[in-house]
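Reconstruct the complex from the two isolated chains, following the hints.
Listed below, chain by chain, are the residues.
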Amino acid sequence: MRLYEFEAKKLFRRYKIPVLEGVIIDRNSLNELEKVTYPVVVKAQTFLGGRGKAGFIQFASDKKEANKAICSILGKSHGPFVIEKVLVEKRIDIEKEVYIAATIDRLEHKPLFMLSKRGGMEIEAITKHDPEELLKYYFNPDDIMPGFKARIMAADLGFTGNGLGLVAGIIFETYRLFQGFDCKLVEINPLALGKDKNIYALDAKVDLDEDAMFRHPELKEMGITARHEVGELTQREQTAKAAGIPYVDLDGNIGVFPGGAGFGIAAIDLITHYQGKPANFMDSGGAPTQEKLRAMLGLLIDNPKVKTIFGARFGGISRCDDWAKALVQYVKENKPKKPMIMRMAGNMEKQGRKILEQAKRDYPELFKDIKVYAVDTPIEDVIKETIRIEKELDTE
Amino acid sequence: MAIIIDKDTKTIVQGITGKNASLHTKFMLEYGTKIVGGVTPGKGGQVVEKIEVYDTVHQCLEVHPDVAVSSIWVPPRFAKDAILEAVDAGIKTIIVITECIPIHDMLYARLKAKEKDIVVIGGNTPGVISPGKALVGMLPKITFKPGRIGTVARSGAVTYYLANSLNLAGFGESTSVGLGGDPILGANYEDILRLFENDPETDAVVMAGEIGGVYEELAAPFIEHMSKPVIAFITGKTAPQGKRLGHAGAIIEGNMGTAHSKIEALKKHGAILAETLSEIPILVKKALEGENKGKKA
Numbered sequence: 252m253r254l255y256e257f258e259a260k261k262l263f264r265r266y267k268i269p270v271l272e273g274v275i276i277d278r279n280s281l282n283e284l285e286k287v288t289y290p291v292v293v294k295a296q297t298f299l300g301g302r303g304k305a306g307f308i309q310f311a312s313d314k315k316e317a318n319k320a321i322c323s324i325l326g327k328s329h330g331p332f333v334i335e336k337v338l339v340e341k342r343i344d345i346e347k348e349v350y351i352a353a354t355i356d357r358l359e360h361k362p363l364f365m366l367s368k369r370g371g372m373e374i375e376a377i378t379k380h381d382p383e384e385l386l387k388y389y390f391n392p393d394d395i396m397p398g399f400k401a402r403i404m405a406a407d408l409g410f411t412g413n414g415l416g417l418v419a420g421i422i423f424e425t426y427r428l429f430q431g432f433d434c435k436l437v438e439i440n441p442l443a444l445g446k447d448k449n450i451y452a453l454d455a456k457v458d459l460d461e462d463a464m465f466r467h468p469e470l471k472e473m474g475i476t477a478r479h480e481v482g483e484l485t486q487r488e489q490t491a492k493a494a495g496i497p498y499v500d501l502d503g504n505i506g507v508f509p510g511g512a513g514f515g516i517a518a519i520d521l522i523t524h525y526q527g528k529p530a531n532f533m534d535s536g537g538a539p540t541q542e543k544l545r546a547m548l549g550l551l552i553d554n555p556k557v558k559t560i561f562g563a564r565f566g567g568i569s570r571c572d573d574w575a576k577a578l579v580q581y582v583k584e585n586k587p588k589k590p591m592i593m594r595m596a597g598n599m600e601k602q603g604r605k606i607l608e609q610a611k612r613d614y615p616e617l618f619k620d621i622k623v624y625a626v627d628t629p630i631e632d633v634i635k636e637t638i639r640i641e642k643e644l645d646t647e
Numbered sequence: 586m587a588i589i590i591d592k593d594t595k596t597i598v599q600g601i602t603g604k605n606a607s608l609h610t611k612f613m614l615e616y617g618t619k620i621v622g623g624v625t626p627g628k629g630g631q632v633v634e635k636i637e638v639y640d641t642v643h644q645c646l647e648v649h650p651d652v653a654v655s656s657i658w659v660p661p662r663f664a665k666d667a668i669l670e671a672v673d674a675g676i677k678t679i680i681v682i683t684e685c686i687p688i689h690d691m692l693y694a695r696l697k698a699k700e701k702d703i704v705v706i707g708g709n710t711p712g713v714i715s716p717g718k719a720l721v722g723m724l725p726k727i728t729f730k731p732g733r734i735g736t737v738a739r740s741g742a743v744t745y746y747l748a749n750s751l752n753l754a755g756f757g758e759s760t761s762v763g764l765g766g767d768p769i770l771g772a773n774y775e776d777i778l779r780l781f782e783n784d785p786e787t788d789a790v791v792m793a794g795e796i797g798g799v800y801e802e803l804a805a806p807f808i809e810h811m812s813k814p815v816i817a818f819i820t821g822k823t824a825p826q827g828k829r830l831g832h833a834g835a836i837i838e839g840n841m842g843t844a845h846s847k848i849e850a851l852k853k854h855g856a857i858l859a860e861t862l863s864e865i866p867i868l869v870k871k872a873l874e875g876e877n878k879g880k881k882a
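Chains as they are written, first to last, in my numbering: chain W, 252 to 647; chain G, 586 to 882.
Among these hints, one or two may not hold up.
[Claimed, not checked] Some residues of chain W that are not near chain G, with every Cβ distance over 10 Å (derived): (1) Tyr-289; (2) Gly-303; (3) Lys-304; (4) Lys-315; (5) Arg-357; (6) Ala-376; (7) Lys-387; (8) Pro-468; (9) Leu-470; (10) Arg-570; (11) Lys-576; (12) Glu-584; (13) Gln-609; (14) Lys-611; (15) Asp-627.
[Stated by the list, open to error] Chain W regions said to be covered by chain G (calculated; three or more residues, Cβ under 8 Å): (16) 426-435; (17) 456-464; (18) 496-504; (19) 512-526.
FYI, nobody ran anything at the bench for these hints, they're computed from the structure.
Keep in mind it's a predicted model, so treat the numbers as computed, not measured.
For glycine and all other residues, C-beta sits at the position ideal for the given N, C-alpha and C.
Here chain G stands alone, though its shape is the one from the complex (with noise of 0.2 Å):
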């Protein structure tokens, strides 16, 4: 069974009447994936692609008692009371698509979340993908196949430039996972690791990563004690000091965050480094011949 979302996983989305949300609604659908209701408040009785909106989550779960994995579209202003509701309501994944969610709404949100032990993926993810089973987010799926590599980066076109660099060279995903390009995030580099790391279906990782926070330096010593190899790709190794770069994660502030410190840090830990997307390929197919522990070839 594929990591946090496989075909028969049931899934909602909050915010579903918005113009994204509606039309990755129906992506979603095509896709396979199990979407049982969506949440907009004072819209429920409504209908998206055919599936039914609710006022509240917990009306929702009242119809769907089951359902796994929320999704979440709203607007910024709007995500902390967002995941409040699916974390009140007890679901067990959180999604957070929105971005630019303020930092200490997300703080909140997500001590919240781990009093219950509830996983929080973002915010500003691009999804999660375990390609031909399910896609919750905004993934395109033409960049995705079916496969044994686990990918795990912060933003959206790098994860699709990931799995688009792994296919054209004959490889495929057991999933990909995007954690997001928010300054504070759920789920780091290390959680996405240990699931990757237990996971039968997958036998190597490519985790990319960026300048700002340390969500990656924390996650290398991991890579020591994973007996799959892990392939990394860093950017923002010429990126300005002091300039936000889009993200609001992505600030060299002082020496803290740098492309430099997070290069260090992997390779120190056992970590394969890629200078360029093109090598990735190279490189996990290297680390897979040199079994047993490639990695360390």
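Here chain W stands alone, though its shape is the one from the complex (with noise of 0.2 Å):
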């Protein structure tokens, strides 16, 4: 989960990375401006790199050329996604520019933290042109970085005398905050050395294990909230995410309620596959509750562009007989009108079973569109026949 920059600087703040003094300003507070001394720069808040060539970084003297660099960024789109935040800082002479960075090499399994002298250039950029460049440090995990390693890569970075001793500490302090924050990345591109002789992380890029935010309660105070990788979500995105729903939103109109992760992503291949639509990505997670049965239901049945639902329960440890009841109570409260083509197999079936026919018997007409094959059916012959039904709702 990346973080925004001024939200991973309040992180460096935490572990005394060096950072400038900044206002954050979106559209309700330009107010904030009267805070800054200049000469300033204005930075637009996106998860996207490439910001300085896009036009995303500007420079400014005094507060009418940073009202207009502001008013220049604010609601402009960055790839897909739409600039709702600046990050006004103080801006310095520099005098030297590296890069550094803690990450999980997920080849050898193991932290490794990154240097180059080669500072504000993008990492690609560095490893396609220079790759002896970047220089490379393994850790074990879980092992905690001795104060001289952090001296040695301060001193292969160049710095001597009283910088050696800074970059070493921020050295240090940022694989500490990638450790303690279960970072899966910490980025300071430039970490740079000022004219004043001071270091200053210039940027910060931070990317969190989503997995292991229960253990940092904080946060959440500090208000970092769940997001894409690269962007917000939407808002039927945020009410999945609200109801423990792992959901993307995607073009199509067939509404995919798949079970699992991993076939719900082989399943929009498959919809493609055979000229499909799907109108969503959505993860039951193991053993889902009938409340989150029933919500995943929900979003796509209230989601107008859904023409017809394809649906697949694979009983492993989420059971075939919780399945058939979260749909028959759905369809019982809510009376859908939608088309739903279904398979379910595995664990609990034959319960699954006995609970959808007695619901058919009791309520043939709200059952009428719904059928559910089962382990003798293949899953592609469903998936076509979603799409059939689709094609034939669409020429009505």
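Next up, the structure:
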């Protein structure tokens, strides 16, 4: 889970990694500009890289220029996302810029600290053009970084004298932050030596492990909440998130009620393969509750773009009887009009099938457009039938 | 003898008193899995499905010293410690059902297991089944039939659909292994492909991969050294970038872990790529008929 620069810098402050004074400004807080001393840098808050090139980092030497810069950035699109906030920071004179980052090497299964004397460049550019310019130091998981290692790294970056101690301290604290907040990445690019001989983290990139958030309730207090890796959630995605459902909006009109994530991913591929258009990705997680299953259906039924629903339950840790119960109760309560073509197989299937048959007998009208196939019907036949029905509806 | 688990393999269940663990303990026992004990700290002395519960793995092993496999069902925040406990007790194979284990936790647990040559499967694995012999995990038995095709996939339902697709065409499985959907895994594709290559009861392997991570790409070069055909199915071709699709592992970050990079790597090293689930058994059949070295056909 990627953080905005201004959020990442809140974490930096906790670890005494030096950052510049700044204010965060959106459409409703332009008066914050009163607090800054000029010259300043105006930086769009976005998850995507390449802000400089896109014109989303601008300099201003007085209030008028700052206002102009802010207005030219707010509301603009960066990739698929709209920029809603800028960070206005004091501008300093720079003597030297370097790159430092702590991350996880997923090939080696080890934490890794990286350095480069080429600060300010994108890391991809460094590794592409001058791979020998990127220095790598591996650590064992959970090991504390020894102070001497941090000094070796600072020396490798070319720092001496007072600067060596300062940079070693920042490297040490960066690694502590990386471990302490369960980060996937902490990147400072550039880490700058100012003409004033102080060191500053000019940019801040932090990517957190969403699965470790339970250990860090303080993030919520800091106003840091869940989002996509590279953007904010849509309204429906937020609703889903609140219900504990991993959900992503897609462009199509076939609602996908898939069970687990693995098949959820396969299902959107298969629907596309057979010329259908999936409306969403969704994941029930293991052993979903009745409530969660009904919420999942609700997300699809309430989405006006969704015309038909493809459903699949392969009962493993998630039981067919729970799935059937949730489906029946949802239909009884909400009387949805959208056709649902589904398949149910696996653990507790017999019990699940009984529940469905009973419901069909009791409420034939409500269940007339709901089909639930069994293990002997290949899943792809169910997908093809869903697409066929969707196309029929479309031509009506 | 089947890989990883066989009908005589003695196993324990860590977290056995949990709702899901106790239900699946029942299913595993019905299937014939030799579960000799369970562990839940503070609940020693209880009984689940006629299986004795112990407070610690070590206590359990004093009574049952020949346990070869432990499955772990504890909540994610306790997973690291549960794995370390099984490692410390010297259990040779640890199957981690728990999902969404913090990355830093798993890196550490994985390292400690590796230092003692212990195989960790998962986290977030649906488990391992050798059809007709034994099952550890939550795989639904109806989906699997004894046979000579090995399967390896990351997530549960994909594992089930692979087997289902093979079974509908008359094939069965020697063993089906779920690697797990978490971003950091214990065993990877290459580890399991190696076991299947050396398994006299396996004729061909079906592997399913998905976006995120590079485990599929890493395994690709090994396929070239295999005598048995490998049929591969990769999902996530239509996945949006930068959005996490359920599994912590399933996200396209930069150029890493795209379906395209996986497909290209696997093709290059001699795997046969299937576009759909129903195509898999057709390709298996062709590859086996095309022996010797059907995979190159």
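Exercise for the section: Would you assess whether W:Leu-470, listed as outside the interface, keeps its beta-carbon beyond 10 Å of every beta-carbon in chain G? Expected result: holds, 14 Å
Problem - Interface exclusion of W:Tyr-289 relative to chain G, criterion Cβ beyond 10 Å - result: Holds, because the least Cβ-Cβ distance between W:Tyr-289 and chain G comes to about 36 Å, which exceeds 10 Å.
Exercise for the section: Can you take a look at whether the stretch 512-526 of chain W is actually covered by chain G? Rule is 3+ residues, C-beta closer than 8 Å. Expected result: holds (count 11)
Handout entry: Status of W:Gly-303, Cβ more than 10 Å from any chain G Cβ
Key = Holds: least Cβ distance 19 Å, greater than 10 Å.
Handout entry: Minimum Cβ distance from W:Lys-611 to chain G greater than 10 Å, as the annotation requires
Key = holds, 22 Å
Handout entry: Beyond 10 Å from each Cβ of chain G, as asserted for W:Pro-468
Key = holds, 13 Å
Problem - Coverage assertion for the stretch 426-435 of chain W with respect to chain G, Cβ distance below 8 Å, three residues required - result: Held - the stretch 426-435 of chain W has 3 residues with a Cβ nearer than 8 Å to chain G, which meets the minimum of three.
Exercise for the section: Count residues of the stretch 496-504 of chain W with a Cβ under 8 Å from any Cβ of chain G, then say if the count reaches three. Expected result: holds (count 3)
Exercise for the section: Just double-check W:Lys-315 for me: nearest Cβ-Cβ distance to chain G has to come out over 10 Å. Expected result: W:Lys-315 is indeed farther than 10 Å from all Cβ atoms of chain G, at 37 Å.
Problem - Interface exclusion of W:Arg-570 relative to chain G, criterion Cβ beyond 10 Å - result: violated, 8 Å
Handout entry: Given as non-interface: W:Glu-584, which should sit over 10 Å from chain G by C-beta
Key = holds, 25 Å
Practice task
Against chain G, does W:Arg-357 hold up as non-interface, every C-beta pair farther apart than 10 Å?
Solution key: Violated, because the least Cβ-Cβ distance between W:Arg-357 and chain G comes to about 6 Å, which does not exceed 10 Å.
The earlier numbered hints that this structure contradicts are 5, 10, 15.
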